[in-house]
Amino acid sequence: MLKEAIILAIRAIRRNVLRSALTILGIVIGVAAVINMVTVGSGATTQVTNEISELGGNMLVIRPGQRRHGPGGARGVEDRFSIADAQSIITNVAGLTAVAPVSQTGRQAIYGGANWSTTIIGSTNGYLTVRNWYLAAGRVFTSGEEKAGADVCILGNTLQRELFDEQSAIGRNIRLGKLSFRVVGVLAPKGQSSFGTDQDDLVIIPLRTLQRRMAGNTDVQTILVAVNPAIETSQAQRDITALMRERRGLRTDDANDFHVRDLTEISDTLSGTTAILTALLSAVAGVSLLVGGIGIMNIMMVSVTERTREIGTRLAIGALERDVLLQFLVEATVLTSLGGVLGIAVGLSTAVLFCDLIGVPFMFRADIVGASLLVSSGVGIVFGFFPAKKAASLDPIEALRYE
Amino acid sequence: MSTPFISLAGISKIYGEGAAAVRALDDVSLNVQQGEFVAMMGSSGSGKSTCLNILGCIDVPTTGSYLFEDVRIESLTRNQRAIVRRHFIGFIFQGFNLLNRTSAIENVELPLIYQQVPSKKRRLLAQQALASVGLEKWANHRPSELSGGQQQRVAVARAIVGKPRVLLADEPTGNLDSARSMEIMEMLTGFNREEGITIIMVTHEQEMAHYAQRRIVFQDGCVISDSADQAS
Ligand SMILES: Nc1ncnc2c1ncn2[C@@H]1O[C@H](COP(=O)(O)OP(=O)(O)O)[C@@H](O)[C@H]1O
Ligand SMILES: [Mg+2]
Numbered sequence: 000m001l002k003e004a005i006i007l008a009i010r011a012i013r014r015n016v017l018r019s020a021l022t023i024l025g026i027v028i029g030v031a032a033v034i035n036m037v038t039v040g041s042g043a044t045t046q047v048t049n050e051i052s053e054l055g056g057n058m059l060v061i062r063p064g065q066r067r068h069g070p071g072g073a074r075g076v077e078d079r080f081s082i083a084d085a086q087s088i089i090t091n092v093a094g095l096t097a098v099a100p101v102s103q104t105g106r107q108a109i110y111g112g113a114n115w116s117t118t119i120i121g122s123t124n125g126y127l128t129v130r131n132w133y134l135a136a137g138r139v140f141t142s143g144e145e146k147a148g149a150d151v152c153i154l155g156n157t158l159q160r161e162l163f164d165e166q167s168a169i170g171r172n173i174r175l176g177k178l179s180f181r182v183v184g185v186l187a188p189k190g191q192s193s194f195g196t197d198q199d200d201l202v203i204i205p206l207r208t209l210q211r212r213m214a215g216n217t218d219v220q221t222i223l224v225a226v227n228p229a230i231e232t233s234q235a236q237r238d239i240t241a242l243m244r245e246r247r248g249l250r251t252d253d254a255n256d257f258h259v260r261d262l263t264e265i266s267d268t269l270s271g272t273t274a275i276l277t278a279l280l281s282a283v284a285g286v287s288l289l290v291g292g293i294g295i296m297n298i299m300m301v302s303v304t305e306r307t308r309e310i311g312t313r314l315a316i317g318a319l320e321r322d323v324l325l326q327f328l329v330e331a332t333v334l335t336s337l338g339g340v341l342g343i344a345v346g347l348s349t350a351v352l353f354c355d356l357i358g359v360p361f362m363f364r365a366d367i368v369g370a371s372l373l374v375s376s377g378v379g380i381v382f383g384f385f386p387a388k389k390a391a392s393l394d395p396i397e398a399l400r401y402e
Numbered sequence: 000m001s002t003p004f005i006s007l008a009g010i011s012k013i014y015g016e017g018a019a020a021v022r023a024l025d026d027v028s029l030n031v032q033q034g035e036f037v038a039m040m041g042s043s044g045s046g047k048s049t050c051l052n053i054l055g056c057i058d059v060p061t062t063g064s065y066l067f068e069d070v071r072i073e074s075l076t077r078n079q080r081a082i083v084r085r086h087f088i089g090f091i092f093q094g095f096n097l098l099n100r101t102s103a104i105e106n107v108e109l110p111l112i113y114q115q116v117p118s119k120k121r122r123l124l125a126q127q128a129l130a131s132v133g134l135e136k137w138a139n140h141r142p143s144e145l146s147g148g149q150q151q152r153v154a155v156a157r158a159i160v161g162k163p164r165v166l167l168a169d170e171p172t173g174n175l176d177s178a179r180s181m182e183i184m185e186m187l188t189g190f191n192r193e194e195g196i197t198i199i200m201v202t203h204e205q206e207m208a209h210y211a212q213r214r215i216v217f218q219d220g221c222v223i224s225d226s227a228d229q230a231s
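As given, the protein sequences belong to chains V and G, one line each in that order. Reading the first sequence from the start, the letters are residues 0 to 402 in numbering that gives the first Met the number 0. Reading the second sequence from the start, the letters are residues 0 to 231 in numbering that gives the first Met the number 0.
The reader is advised that the hints may include incorrect statements.
Here are some of the chain G residues that sit facing chain V, going by a computed Cβ distance under 8 Å [stated by the list, open to error]:
id, residue
1, L51
2, N52
3, I57
4, D58
5, N78
6, R84
7, F90
8, L98
9, S102
10, L109
11, P110
12, Y113
13, K162
14, R164
Note that these hints are calculated values from the structure, not bench results. Please read all numbers here as calculations on a predicted model, not as lab measurements. Positions of the beta carbon are idealized from the N, C-alpha and C atoms, including for glycine.
Looking at chain G on its own, in the form it has when it is part of the complex (with noise of 0.2 Å):
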């Protein structure tokens, strides 16, 4: 088997100290294969997040080793981690995290702005964006005119329209019912079989987990589990 996409080593994670300190993460290591649609699950507290945070380079570990493709990120100063993420890294947040007062399309463009697309390109790339999660339509609303499930697509959009190499999401549907999740799923699952985007997604809801080909399990920061669908 070649190197692996992604592959963590011995990754501990410290919040505080002394006392207070809290051992989020302990001595994990994964590897994640491109094109992988992973979730991963556990009880509240068990380091899910923490663990999406330091795979997307916006948390670093207190120990142990990061491999992204064959990029040292534990070596990487702050702007670069940045970089890394604005080129290679989709997010996709529990609470949609959309810019309030913006349309949807310029939320879908924000990623864009930072990549230095110009303008034109860049409003292109977005409505086709908006278009593969189906709100063309909906544009030039603003968030507060759109339902909990559009505003996640929207943020679905996001995620995508920068051609990222992986797509992170920390419980994309939490926040949705079952209908609005069973639709993001789908949308997901088309990315990344049809893209062939890598994604890795924590979520505490098994129906979820099922959309995903592999499943592992945190407890206390270890991880317990780690189970890949035999191929179907």
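Same shape as in the complex, but just chain V (with noise of 0.2 Å):
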């Protein structure tokens, strides 16, 4: 029985083809822009994800925050970290592989004709290390020009080529702002950020050089940690509080007026962000499945008016109510499912397309692509019912009667 009725359900939809492509539009566009969606995000997610762990996915960023003395009171400034804190972190905590005082300002860097604006990163070699940094050429830096802070260099991918195009960079001066620098190293290329931000546009010279001879203090703005693996981040993330609580003395019951932040953190909010994006769409999408689905009622009732002889011809010869109800209901989700599938394809499909222009890998979703066929064919049974019931319900008499 079922069979039968779902072989006249296809006949009933080839019969009208145009009608049944215009009334299954709504749930094939909603469907479509679902897949897509859930698609491309999910490689967006996907593509920042793997970033962050190539960042460093056991690195911790520490970072002074604005600190509240007690009520209502809020200081402006906040307490700058030192090369006295990085020291005390890499003796006092343990299970960490590296540790890197960063601070940051830009410079035009200068090389013959050629100049290009850039970042200089004041830091240690632990910098590299944090970052899963290595060297393209040169070496570097000597404990000797850390400590004294000497006018060395190392330089970001795209400096080498915007400075020095094919040549060796390595032994040349180049200058940074009014400075003379010495090139000892070279950094393999990173490439873009999933943020569209040049990774590689960089110099980075030790911490003591940029405090002394461009920042004039000693302040370190940051300080990245990377764990051991082995170790859980969150241990050393409190461990790490701990001291640097201890060490800017706060008591019991005051708040941190510093952060400690895990990358995976950020991915959390990243994914938090998704979920939002993900509730957003699943209203879009039961907007438009519910328009599709009256869509789906309001002609599946014309088909039962009009079929209204047929319907009494039926049940004249022996279709009991549940024969013509099944034969109604079937045909209505037929015609939702293939909404669904068409909706797939077109998601899919453009998800490709889409992916592809924005660099994004594409990553199938089979439980969107399974959840959207449920729904779709769903959606059918729910809208169906009423114009099946009805169809279902007629009279033979009248329906016989019927011109």
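With the hints as a guide, dock the two chains, each given alone in a separate frame, to form the complex.
Here it is as structure tokens:
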């Protein structure tokens, strides 16, 4: 009986291709939009997550923040870190593979006739370890250079390209603003981040050099820490927090005036954003499916009216109410499922194009595809029920007399 | 005589209510024996179709009792009456009522689908039924590709394919010319004689009524005459 009903339904749909197509358009568009956005969205999330772990999946970022003094009183200026803070973390916190105090500024980099505006990172060799970064040429800083604040630098790959083109930069002197620096190393390229910034557009110099000759202070803006992958980052986070509270003389009931951020927190924030987006999308999908469903209901009502005589004939030759009910219910469901399948096809193929266009990986989301199929056939059952019920409860006499 | 096959007793049917009420049947009683070929005659609006629809279990009387074999039809539910139609009754309509975009053989198969006959057997029985009305070559044609006479023959095949006990026909030749009408009547007579199917047919044409062995005449919802041929 079900098989016959499905064959019948397919026939009824083929009988009126244009009308069927217009009827399911709403469902096609709704499903396609959801499939497309979820697929592209998970591609983007994956990309960002990958980049974060490339950035250092086990990295902690320690930054000063503002502290409120007692009830009401807010303090505008933040307490900066110092090199001594970084040193203290190295000696007191277990399970760290590298610690890098960082300060940064911006300067014009000049070599010969070429100049390039870039970011200057003042740090130690630890920066390369924390950021998982390798040299393409040359060497890292010597400990003498770090301690003395020597005028040496390591170039990001963009600087190598913009200032030196194919030439070797090692051993050359460049100017950063008014100061002259000798290039000792060149970094391997990292490429663009998912936020569209060029990660290779930087010059690294010893922190002391930056403090003394550019910033004119002894501040450390950020301390980056790489945690041994065998250790829980949360443990290191707690240890560092306790240490910094002590060093900054906070009392038990004082709030932290600094943050120790785990990069996984950033990806959590990101997936939080994704969750909100998904919820919004589901709402949009819900509305479009509702509209699509009402369209189905409308067209099924028309179909029932058009086929009143057919229904009368069927009832007269022995169809039960439920046979007629099944027939129209199946027709509505086949129609909406078809809409779902088309929507999935459209959604996936546009997602492939989109992913290619914005350069994120294409992630096939079987769960969303499955859910779309279920929901679209569900819409058929729900919105097909009323017309089907109407068809089934027709009086055969009236139906046979219907012109 | 044994209990009759079909027995209507004191059947009345009133359509509508109050001032608009129409008494389509007024205290009709009649018996039909198994294997009879009955013609119901009378002028338009005399209640023939109403009576046939009640006999066919697609309509219910307002009062009175209807015994089909030993089943009391007026006590059945809507679905139970559908089951009776499905297994015991074949319908032929004046307007053929074939499904338009469905081939002849699929039209004939329709009652068997509802009888839940498996598809292979269904096809075979439908082919036999089509052959019995001389349309085996037209099995895959759609109704729109057939003449009126052929369409009514498909409808006859559809009515008999489920081996009903009684065949009900409401002006089966009303839309056909006299040659086509004769063909249909010959066929019905054949099914009645050879397979013993009871036939009750509404017609207002004397020529068609003469194929039947018994003629019941309606007027204003009442039976005014009921005459059987002498055994010939
Ligand atoms: N469904 C209905 N609603 C209201 N009146 C009806 C209905 N069916 C039949 N009638 C009326 O009942 C009377 C008998 O109709 P019918 O049995 O169709 O007559 P016949 O078939 O002999 O021409 C007519 O007056 C007709 O108008
Ligand atoms: Mg009539």
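Subject >> Numbered hints the structure breaks, given as an ascending list >> reply: Of the numbered hints, 1, 9, 13 and 14 do not hold.
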